[in-house]
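K.L.:
Protein chains in written order, with our numbering: chain W, 12 to 267; chain R, 13 to 248.
Since the hints were made in silico from the structure, they are not lab data.
Incorrect hints may have been included.
Distance windows between CB atoms, simulated [what the hints assert, rightly or not]:
1) W:Val-92 x R:Leu-187: 17 to 25 Å
2) R:Glu-232 x W:Pro-40: 22 to 30 Å
3) W:Leu-147 x R:Ala-64: 55 to 63 Å
4) R:Ala-194 x W:Ala-20: 35 to 43 Å
Facing chain R, according to a computed beta carbon distance under 10 Å, are these residues of chain W, among others [claimed, not checked]:
5) Ala-45
6) Val-47
7) Ala-53
8) Phe-55
9) Thr-89
10) Asp-90
11) Tyr-118
12) Thr-128
13) Phe-170
14) Val-209
15) Asn-246
16) Val-250
17) Met-264
Just so you know, even glycine gets a beta-carbon here, dropped at the ideal spot from N, CA and C.
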Amino acid sequence: MHRALRALARRLLGVRRTPAYYLPWITRPGLECALVLHNVEARFKPGWNEGPFELTAEQYGADGRLVARQRATVRDSTDAVELPLTAPREGCGFVVVRGERLHSDLYVCLFDGRTSTMTHGRGEFIERYPPRTRALLALLGGLAALAGRTLPAFARDQFVYSGTESRSHVLLLNLADVPNRIRVDVTRDGAPLGARLVRLPPCGAHLLHLADVAAPPARGTDVWRLRLTGNAWFNLYLVGAGREDLAGPLSLMHVK
Amino acid sequence: MSSNLGALLSATFYERGDEHLVEVIHQRDAARYRRLASLDIGVWDEAGTRLAAPAVDAGREILDVEALVAAVPGAPARVMVTFDARYDPAIFPYRPHHYAYLHRRGSPAPALYYAVNAGLGGVPDRIGATAINNFETYVFRRRPLAERYSLLLGCLSRWAPVEATITAHYGEARLAREVRLAPRAHVEVPLAAEHEGHRLARVELKALFRLVAYVVGRAEAGGELVLFDHLFTYFK
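With the rest of the complex left out, here is chain W (with noise of 0.2 Å):
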């Protein structure tokens, strides 16, 4: 019945679903980022796993512009292709990569020098809004943004952990063509302990670094629930840091 509610709301609003798969990235100095690119879960489906198979993928900065789009060919279904993801130095987003017959979960990978942490991207889509829709969100979105709300339209709870060692902290990904007031409510046992409402650009990105949000614990780890709403179709990957925090090396990782 919910799912039905919103399949009307949305032909209601004119809003139509691009299928996308998409990872995120983040380049820091010190902080290498590449895809891996494959399509060996394919190796059994016929009429799926033949190669060569074309891919092509398209980088979206945290402004949601275009930093890069590269193209890429993987050979066969047991063939694997690393994308370096070299520009900008600094910065997070996400890259949508395209291919016919790609029926393969692809990886992004982080290396500091030394080690490499990976995580694989999700099949979803992106939100595409038509101009009276777009302009009736910058009116009600603007006007709830006043009061430090947004419209809720999509939620999503996480937890998050906050300690003196290790912390993970959120990559938030814009997966619609409006901009996505995000509100981030957080909450320890029950207690609300801070709340942020972030503005992404369309098909933007931003790293919410939880210090931001509420201040560290003094020792130990600290687990708290997040309760994210946005105005528009959103995701998120949590980024594991060390001791050294955002300087160090990081880790991404998928969310259910």
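Following the hints, put chain R in place on chain W, whose structure we already have.
P.N.:
Below, chain R without anything else, positioned relative to chain W:
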């Protein structure tokens, strides 16, 4: 509580020195979605001997595995911890999984966050595993890294041993190894980084029944985990 309960049997590995917190449920806003119907925990050594079955409150959202294992007398450096859960399907809006946060104390490595590997529970369709899910694969970066790879495998069966083949691919060459795991036994299978001048490209795991399986990368210097990920099935 619903009379139509789902089942989820999953497992992770705890290693001494790690801070390891398991999200027992997917977080939901409504309080009624924040409680399992039941949760049985088991702590198992490498041979499959049960070391402990600590009672935990099924309403607990976060489980501190480090504290749980610390209370087990004589626990070895690595144990398998199983989570046998019964739940109202509304608790898991998406594919049921526990998630977890992991970091070696004192290590410069970043924290890791991962999906706890689910074996076949009472209702396989609820874990998205109606097709063959005991034939899995993973790909690796080709560049040399200061880390060692392996597979951590655990057997969730209650009575029957499970045989598995691990095949590591290097260029055109492959190295295969057979393992046999008694019920609730577990093993770490090292994967050589190179063979005949070729880097490790991918690994395949084939088993008669589904195993708990993680791809592991350890920092060469300290041995702490820098990669702890699930494999991918060929058949979705």
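K.L.:
Are the hints correct? Go through all of them and say.
P.N.:
Going through the hints against the structure:
no.	hint	verdict
1	W:Val-92 x R:Leu-187: 17 to 25 Å	23 Å, holds
2	R:Glu-232 x W:Pro-40: 22 to 30 Å	23 Å, holds
3	W:Leu-147 x R:Ala-64: 55 to 63 Å	58 Å, holds
4	R:Ala-194 x W:Ala-20: 35 to 43 Å	54 Å, violated
5	Ala-45	8 Å, holds
6	Val-47	6 Å, holds
7	Ala-53	8 Å, holds
8	Phe-55	5 Å, holds
9	Thr-89	7 Å, holds
10	Asp-90	9 Å, holds
11	Tyr-118	7 Å, holds
12	Thr-128	6 Å, holds
13	Phe-170	5 Å, holds
14	Val-209	19 Å, violated
15	Asn-246	12 Å, violated
16	Val-250	8 Å, holds
17	Met-264	4 Å, holds
The earlier numbered hints that this structure contradicts are 4, 14 and 15.
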